[in-house]
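Enquirer: The lines below spell out each chain.
There are 2 protein chains.
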Amino acid sequence: MDKKIIVTISREFGSGGRDIGRGVAERLGIDFYDREILALAAEKSGLSASFAEDIEQKIKSKFLHNIAFGGYYAGADVSSSQLSLPDKLFIATCDIIRSLADKGSCVIVGRCADYVLKDRDDVINIFIYADLQHKAERISKRHGLDIKKAESESKKYDKYRANHYDYYTEREWGNRENYHLCLNSGFIGVEKAIDIIVDTVNDCLK
Amino acid sequence: MDKKIIVTISREFGSGGRDIGRGVAERLGIDFYDREILALAAEKSGLSASFAEDIEQKIKSKFLHNIAFGGYYAGADVSSSQLSLPDKLFIATCDIIRSLADKGSCVIVGRCADYVLKDRDDVINIFIYADLQHKAERISKRHGLDIKKAESESKKYDKYRANHYDYYTEREWGNRENYHLCLNSGFIGVEKAIDIIVDTVNDCLK
Numbered sequence: 058m059d060k061k062i063i064v065t066i067s068r069e070f071g072s073g074g075r076d077i078g079r080g081v082a083e084r085l086g087i088d089f090y091d092r093e094i095l096a097l098a099a100e101k102s103g104l105s106a107s108f109a110e111d112i113e114q115k116i117k118s119k120f121l122h123n124i125a126f127g128g129y130y131a132g133a134d135v136s137s138s139q140l141s142l143p144d145k146l147f148i149a150t151c152d153i154i155r156s157l158a159d160k161g162s163c164v165i166v167g168r169c170a171d172y173v174l175k176d177r178d179d180v181i182n183i184f185i186y187a188d189l190q191h192k193a194e195r196i197s198k199r200h201g202l203d204i205k206k207a208e209s210e211s212k213k214y215d216k217y218r219a220n221h222y223d224y225y226t227e228r229e230w231g232n233r234e235n236y237h238l239c240l241n242s243g244f245i246g247v248e249k250a251i252d253i254i255v256d257t258v259n260d261c262l263k
Numbered sequence: 058m059d060k061k062i063i064v065t066i067s068r069e070f071g072s073g074g075r076d077i078g079r080g081v082a083e084r085l086g087i088d089f090y091d092r093e094i095l096a097l098a099a100e101k102s103g104l105s106a107s108f109a110e111d112i113e114q115k116i117k118s119k120f121l122h123n124i125a126f127g128g129y130y131a132g133a134d135v136s137s138s139q140l141s142l143p144d145k146l147f148i149a150t151c152d153i154i155r156s157l158a159d160k161g162s163c164v165i166v167g168r169c170a171d172y173v174l175k176d177r178d179d180v181i182n183i184f185i186y187a188d189l190q191h192k193a194e195r196i197s198k199r200h201g202l203d204i205k206k207a208e209s210e211s212k213k214y215d216k217y218r219a220n221h222y223d224y225y226t227e228r229e230w231g232n233r234e235n236y237h238l239c240l241n242s243g244f245i246g247v248e249k250a251i252d253i254i255v256d257t258v259n260d261c262l263k
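Protein chains in written order, with our numbering: chain A, 58 to 263; chain B, 58 to 263.
Mixed in with the good hints there might be a few duds.
As the list makes no split between identical chains, a pair holds if one copy fits it or if it spans any two.
To be verified - Using 16 Å as the maximum straight-line C-alpha spacing, the simulated EDC-like pairs for lysine to aspartate or glutamate come out as follows:
#1 263 / 248
#2 61 / 179
#3 175 / 188
#4 212 / 234
#5 216 / 178
Hints listed in this document are in silico derivations from the structure and should not be mistaken for laboratory results.
Same shape as in the complex, but just chain A:
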């Protein structure tokens, strides 16, 4: 691959977005980054990965976040003692995502990567979603939960993701305007989603 391309995958919980991202990276022969970004950002912020995950999920809404953390992060230094832990973590995450994008073609799952890389012209942003039934079936199978519990987990994590994204980007998570393709994996399936993305990326690289 001569030209560089960064594929960001945002996804609803249980939509198979991670598998789709991994499949795209494999088919294109490029790097794949998912949870390791948070682990690296945690390390950079002096936190454990599990504590970092916990912190992210505490962002319940802009209002609560502002009360809890008094967030201000734009242009701030991650080492600043005035920053809240979630804000430090977010800044560290942004730095890591930018470094990975500079390094070479890759697929990045989650972590507001579409927003972090918004000023680059070598990025294609994908949103993967599905109806609740498909998501719950997938979660139930993967995590051994009954369907009702899987449904509530799906809703809960999608709320976490939306709150986190909306808070840090001042955009709306899942709004088409932020993405180049939005694919319903419950309808088209994981393999077809991989086909469409790979095919679109190859067209961009022509």
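Position chain B against the provided structure of chain A, taking the given hints into account.
Expert: Frame of chain A; chain B shown alone:
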């Protein structure tokens, strides 16, 4: 084509959605319906096509619509004298869309067709969108307008479409949940959008 498939295309003004719909219909060798649905619905409601278009655009918001027309349409008869003109027109449109879908495979552009056909399992719903710059360039070229005017036309007609859809469906126009694929035609281009849709439909028909 043995199995039947109805492709509904919802689209932002200037996104090339109509051309994409026509291209999909041609490639699949199936019928294509666009403005003729409104003309047929107008005829059924005893209105001229241009007056029907004008009426549709008067739906500025739920609130204004309710004041202006006191809308109630669910399960109503198009000949009822209690119905407002927009409501009569919408009911006639629904009837026509359902008849067309019963008749055979086709592409239907606009007119809330995804909602009207929501209980069928042989429908694939597409949303076509683009950034303002791409839409304005397209509108400017097609209608000979300067870019600023094209931008304001794009925003105005998207607002009409959103208001009309949201009023009659109680869903949100352009929200991914209502569609199987949402494609940014400004990024991928009209031809690629046609490819993706035709390919996805052919997969559904396997």
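Enquirer: Against each hint, give a clear statement of whether it holds in the structure.
Expert: Taking the hints in turn, this is what the structure says about them:
no., hint, verdict
1, 263 / 248, "between (23 Å within a copy, 15 Å between copies)"
2, 61 / 179, "within (7 Å within a copy, 39 Å between copies)"
3, 175 / 188, "between (28 Å within a copy, 14 Å between copies)"
4, 212 / 234, "between (22 Å within a copy, 14 Å between copies)"
5, 216 / 178, "neither (29 Å within a copy, 29 Å between copies)"
Consistency with the previously given hints fails for number 5 only.
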